[in-house]
Amino acid sequence: MYKTYLLGILIFFISIYVGCNPGAGLPSNEPLDIDFNKPNKPNNPSVPDYEEKEHIITTNLVGNPLSEVRVRGYIVPEDKLSLFVTLIRMDTEVKGLNQSKGLTMSQYQRITGYFSSLFTPQYNLNYLASVGVDDYISGSDIIFDFNTYSLTINGVLQSFENSESITSLFLTRDKTWALADAERYFYNSSYIPDIDVQYYILWILESKTYSVGQDKMYIRLLSQDASDTPLYTITH
Numbered sequence: 046m047y048k049t050y051l052l053g054i055l056i057f058f059i060s061i062y063v064g065c066n067p068g069a070g071l072p073s074n075e076p077l078d079i080d081f082n083k084p085n086k087p088n089n090p091s092v093p094d095y096e097e098k099e100h101i102i103t104t105n106l107v108g109n110p111l112s113e114v115r116v117r118g119y120i121v122p123e124d125k126l127s128l129f130v131t132l133i134r135m136d137t138e139v140k141g142l143n144q145s146k147g148l149t150m151s152q153y154q155r156i157t158g159y160f161s162s163l164f165t166p167q168y169n170l171n172y173l174a175s176v177g178v179d180d181y182i183s184g185s186d187i188i189f190d191f192n193t194y195s196l197t198i199n200g201v202l203q204s205f206e207n208s209e210s211i212t213s214l215f216l217t218r219d220k221t222w223a224l225a226d227a228e229r230y231f232y233n234s235s236y237i238p239d240i241d242v243q244y245y246i247l248w249i250l251e252s253k254t255y256s257v258g259q260d261k262m263y264i265r266l267l268s269q270d271a272s273d274t275p276l277y278t279i280t281h
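Residue numbering for the sequence shown follows my numbering, starting at 46 and increasing by one per position.
None of these hints come from the bench; they were simulated from the model. Just so it is clear, the structure is predicted and the values come from calculations on it, not from any experiment. Mixed in with the good hints, there may be bad ones.
[What the hints assert, rightly or not] Simulated DEER-style distance windows between Cβ atoms: (1) 273 with 166: 29 to 35 Å; (2) 138 with 256: 33 to 39 Å; (3) 281 with 103: 32 to 38 Å; (4) 273 with 225: 35 to 41 Å; (5) 185 with 235: 20 to 26 Å.
[Claimed, not checked] Think about it this way: if two alpha-carbon atoms lie no more than 30 Å apart in a straight line, the pair counts; the simulated DSBU-like pairs of lysine-lysine are: (6) 146 with 125; (7) 125 with 261; (8) 125 with 140; (9) 261 with 146; (10) 261 with 140.
Ideal Cβ placement from N, Cα and C applies to all residues, glycine included.
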């Protein structure tokens, strides 16, 4: 009991000392250095700042017969994503992530023209397009991973490596791009890319039906706004 009493007194005096000396217990020659404006960096410099979050969508297209089924990515400046989604919806009457009605080729070309007019005249809409699938089974799953760019149609893994693709430059895992690449493909007299400028890739699922009267295109938006598609940044 006596030891307990002494221990209580000792704890009491220690608490008074610490309360009067907030720096007690800290090395006097190593002051705290906290910069609240400095971003937290990982200890391992090889780990990218981008935090990859799982984002996989499973969807389909309905219609017979459907040919040239593919996913096509459209690069859009950060501040223009909602504008382009609105334009597409107005032109196609698409609601949410629903499949569009049959579009005439002129309607489809008007939609793609929104994107191709953004950048250099040489910008090709096939740059980020997957290889078309002609034997698609109506209603079968189409699975696309926004982070790894893995695309499965009819249960078969598809490729973005077409003859015109630049996937190695822009379909990056860390969501960063080189300024030299952006200048080469995006630059025009009214649009000049720069470091820290950010972009979205608006992914659209599309297919075509052939008919004697008139070919039709069907599309489905795979993302709607900034909350469901990754942001890309020119960093170097």
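Hint-by-hint comparison with the structure:
no.: 1; hint: 273 with 166: 29 to 35 Å; in the structure: holds (31 Å)
no.: 2; hint: 138 with 256: 33 to 39 Å; in the structure: violated (20 Å)
no.: 3; hint: 281 with 103: 32 to 38 Å; in the structure: holds (34 Å)
no.: 4; hint: 273 with 225: 35 to 41 Å; in the structure: violated (30 Å)
no.: 5; hint: 185 with 235: 20 to 26 Å; in the structure: violated (43 Å)
no.: 6; hint: 146 with 125; in the structure: holds (25 Å)
no.: 7; hint: 125 with 261; in the structure: holds (27 Å)
no.: 8; hint: 125 with 140; in the structure: holds (19 Å)
no.: 9; hint: 261 with 146; in the structure: holds (9 Å)
no.: 10; hint: 261 with 140; in the structure: holds (19 Å)
When each numbered hint is compared with the structure, violations occur for hints 2, 4 and 5.
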